[in-house]
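Throw the hints in and build the complete structure from the sequences for me.
Protein sequence lines correspond, in order, to chains A and B.
Going left to right, the first sequence walks through residues 1 to 895 as this note's numbering numbers them.
Going left to right, the second sequence walks through residues 1 to 343 as this note's numbering numbers them.
No wet-lab data here; the hints were simulated from the structure.
All residues carry an ideal CB built from backbone N, CA and C; glycine is no exception.
Each hint should be verified, as a subset may be incorrect.
[Unchecked claim] Okay, the calculated bits of chain A under chain B, using three or more residues with CB under 8 Å as the criterion:
| hint | stretch |
| --- | --- |
| 1 | 159-169 |
| 2 | 566-574 |
| 3 | 582-589 |
| 4 | 594-608 |
| 5 | 681-688 |
| 6 | 693-707 |
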Amino acid sequence: MRVSYNWLMDYVDVDLSPQELAERLTARGVVVENLVSANPGVEGVVVGRVVAMERHPNADTLWVCQVDVGGGEVLQILTGAQNVTVGALVPAAVPGSKLPGMTMGVKKLRGLDSHGMLCSEAELKVGDDEDGILILPPEEDLEPGMDIAEVLGLNDWILELDLTANYAAHCQSMVGVAQEVAALVGGEVIAPETYTEDAPDTDVNDLISIQIDTPDLCSRYVARVVRGVKIGPSPQWLQARVRAAGMRPINNIVDIANFVMLEMGQPLHTFDYQKIRGQKIIVRRAHSGERFTTLDGQERVLDENVLVIADAEGPVALAGVMGGEDSEVTDETVDILIESAHFDNINNRRTSLRYNLPSEASKRFTKGVDPSGCVAAADRAAQLIAELAGGMVVAGHVDAYPRPTVPSVVLLRTERANGLTGLKLSPERMAAHLQSLGMVVLKPADLAADLALGAPETGEEAGEDLSGRPVWTAMHQVSPVPSDPDAYRTWAEAAWAELEAAGKRLASLMGAGVGAGVGAGAIEGAGGGLVGAGDAGEILVVVVPTRRSDIAIEVDLIEEIARCEGYDQIPLELPVLPSTRGGRTRQGEVKLAARRALAGAGLTEVLTHSLVHPRVYDLLGLPEDDPHRRFLTLANPMYDDRSTLRTMLLPGVLDVVRYNVNRQIRDLAIFEISHVYRPVEGELLPEEPLMVALALTGNLAPLGWNSPERPADFFALKGVVEHLLAELGVQGARFERSENSVLHPGRQAALLIGGEPVGYLGELHPTVQERWELPGRVYVAEFAFAPLMDAMLPQAVYRPVPRFPAVARDVAMLVDLDLPADRLEAAIREAGGGLLEEVRLFDVYQGERVAEGKRSLAYHLVYRAADRTLTDAELEPVHNRVREALKALGAELRS
Amino acid sequence: MKDQLLKLRDEALAAIAGVSDAGAIQEMRVRYLGKKSELSRVLGGLGKLPTVEERRAMGALGNEIKQAITQALDAREAELAAAELEARLAAERIDVTLPGAPVRRGHLHILYQVIHRIEEIFIAMGYEVAESRQVETDWYNFEALNIPKGHPARDAQDSLFISDEVLLRTHTSNTQIRYMLEVAKGRTPVKIICPGRVFRRDFEDATHAMMFHQVEGLVIDKGITLASLKGALTEMARGLFGPDVGIRLRPSYFPFTEPSAEMDISCIFCGGKGCRTCKGSGWIEIGGSGMVHPNVLRAGGYDPEEVSGWAFGYGPERVAMLMYGIEDIRHFVTGDMRFLRQF
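Below, the structure written as structure tokens:
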């Protein structure tokens, strides 16, 4: 919403600069996102009157104009524009004046001097038109020499509002913003006049009837007619207003409709009355396949989802979105039908999105428009049309209002307002704030009085006696009430129901003290109703204008009070709460420990996208039936690359490797601990298990001047996994040869915890590596996190620090190549028994010096007894058992 | 004999003074002091001296000379050892300005570092960290948070849907509801902080991401007020940005809170005087907050007549970007080592 400061000042008398106003509104929740000068840099440009013109002797397209620039001065100004006529009022940028980006001087054009230039809309940056000179409307109050910036309304500031959803509706008009200003920073609202001078002996009902087939989509339709108008350009002040709001002046009728919308928030549409067939307006859903040409010349094919305004023969407008070509106001139009209606926001938004027709009108309907304002807006437009375009206003409105909107009656417990905000306001101050927002604040006794009189006779408003009914009266005052008798009857029924419902709520609030009684009696029973029962303190009965559709319950009022008082007035307190033991969940703790362990081991944590393209599973070469190919797909993805939820971390981690390798960062050690998403048969929601992924490639340590290269390999990766398991204290982990098609068949293992496979580690298969466009070998692991958590020791197991010396023995042996090392180690440990403290493999060799099919392994064994020094005599039989056990596995001992 | 002894002494001392090799010292010790040395031989003739006085005088002289030679040898040996050490140390001199042997340094992701820091601030105040699922039902993500179907807030948070009923959560607020219903189950106080990953359907650029994170706080108890929200947020802001930072609440709108407030911190760059980052206002917008809407309390199984609560939420990406001057939100997910290794 763009708000012209000068224009706003028409509706509220406050003495604040634009800057001060912007600051104070922002602090109160009406956010002024930008405050910009309306003047793009026009300075010293004046109104000029063309007094004579002739063709340039040396150029066919140039005109030589004599321009009266005021003060008796006539300047020769040349122009290439072809729309200038003698007598026209034009912007004259005289020598020394400034246009956005340039300063004017005297310039020779084909031999003749031009003293400055005449300006187009585009040159003044007030519009897009760059073909012709901006011709000012011939008005009496425009004189040569006047400052064009003043005339065009450029000496102004624009407040660009960024409105939150709850203020969006009632702040989308100048009057609405003025009401906010008055409430928040003070000042009186000056409402626009909405009377009309109706032509005698006319009745709009003779000219048009309204039929609403879809009250759910159109709750109200008000029509007025103005006859005998003359279409033409709007006066300068009106054009300036329309421009200030960022819209384009079209003609007096369209400009007035837009002006009233901007001023009062009610979108209007104007039809050429003569083009409405059958003197009838029908609001209905379109028929499937119905065709209709909108005023942009596009033929649209409609269906039942589209709400149309039709006449006796067919659609004349897409309701609240765009009018039709056939019924558009043209230069020949003489009779105007004004539509001031209320359309459903959701349906309106869908239609405007569907046909890609965003407009100021549909924007307003989407955010919500107050149906109570329909009549006043129609009146305002009718009167302005009569004033600015001539014609006579036909008496009366047609007002079809099948679903009336009535003021809400909301109860406020003042104690609760202070209790929620931490403020300490008196009930009087709260009431004053609410009143400043146009609400009426009454007491429970008032509501009781209303209820005691029972439902009013709701014949015609004029005949109704409001006296003795304070709440009922307020409901008539806060927002305009329909004057049409039928419309009023339905309004009054709904309003009384609202009042009664408020009475019931009040009775139940006071219920504890008064028993089960509901209604007037119960309320009166609570001590005259002036003060509510118990902790609630005083209760205020608040009647809310219909324009504040965002206010429905008590906390809504509390927010308004806090906003008016100022959030800066809320004291700052530390929460006084029972002390609680804070902390992470166990998973959170362990996750953090794992992250720290991996980072401590020199790995860098990465964070990859949860959304992936499903081709990643093809790149990995996963078989068609691989469970990782069962993924969740987005119904409305934004990008193909982000269209499904990952079922594994590996693709994201490999992407990171490729990204960095492509940027010459070839030595990588990375990890990620994050969630994957796996659909579960028969369940609405997927599992979201936490996974750990690792990747190593390139050199392990950063290269230095004296450190040897140590390329990543399987064992470096396995070492990281073992480190993590050790840091977490995971018990019962084992590695087993595995068959995973993503990995090198000879260099991969499954990680088992408690005998159950939980993931894999290994070298990426060369074909996968190639498909992923990775130049070097990459070592990757991915495994589930939860099993690690389940297998952790609760804490480290302490053994006393040894007091007696250890005895070391080395064993070297030749074994068959396919005998796995973990079997040898297991045999050593078993045979070594309680005295064997440490087993460390310190050499592995295969090659020339050992026989084909064999390899040499050497272990360093450390024996120790906790309570004595081991003697050779004691050790020998134990160590011999170890040697025998190794021999039993086929080892040929070499030492 | 005396002359013989004195000559021997002078000879030995001269020789010792001329030694330049530590190894030769031992040799000389043998040569001048050993059993087969000239000195031993000469002193062996003591017995042949005629008088007791002469024997005593010569014996004393002999001992004197032995001592002198021993001292000279020890001194020379120490001198040589010192020189040798000095020479060795001089030879072992290195260029200490050469770089040290590199150790591979690991890094926690900067975003998680920031999230951990936020968690720590609240844990110290007795908050529990709660997490919940990212793929969520419409009810937990919207309905229970007072965002019924057709509510404009649904448009503002363009969602990524799996089906009509299931979507990627658009905020961490689902954790509020899940915690209330599944963990707290009506117990008070509730004091939680909920970090997590969220998703929106958005174009991706330097300031917008489809996937980002939020940290949300929720407190429920009897008598909770906006004033204590201000207090908790101030603690948080100071924990993150330093003791001089202030906060400001501005009225705003969120469907799940009423009253609602936008929370600003005083600009950490200019201290509130106004600069480019804060667009001259002195304040930087951080996130949203407010008193939990009665409908949300009800959805979580609490009676809004009995208890009240507040909640707040903001993006740790934004906090990290402010703290370090990071210019592009995409850095967090591209995995560029030139970015990640800086933290």
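Hint numbers contradicted by this structure: none
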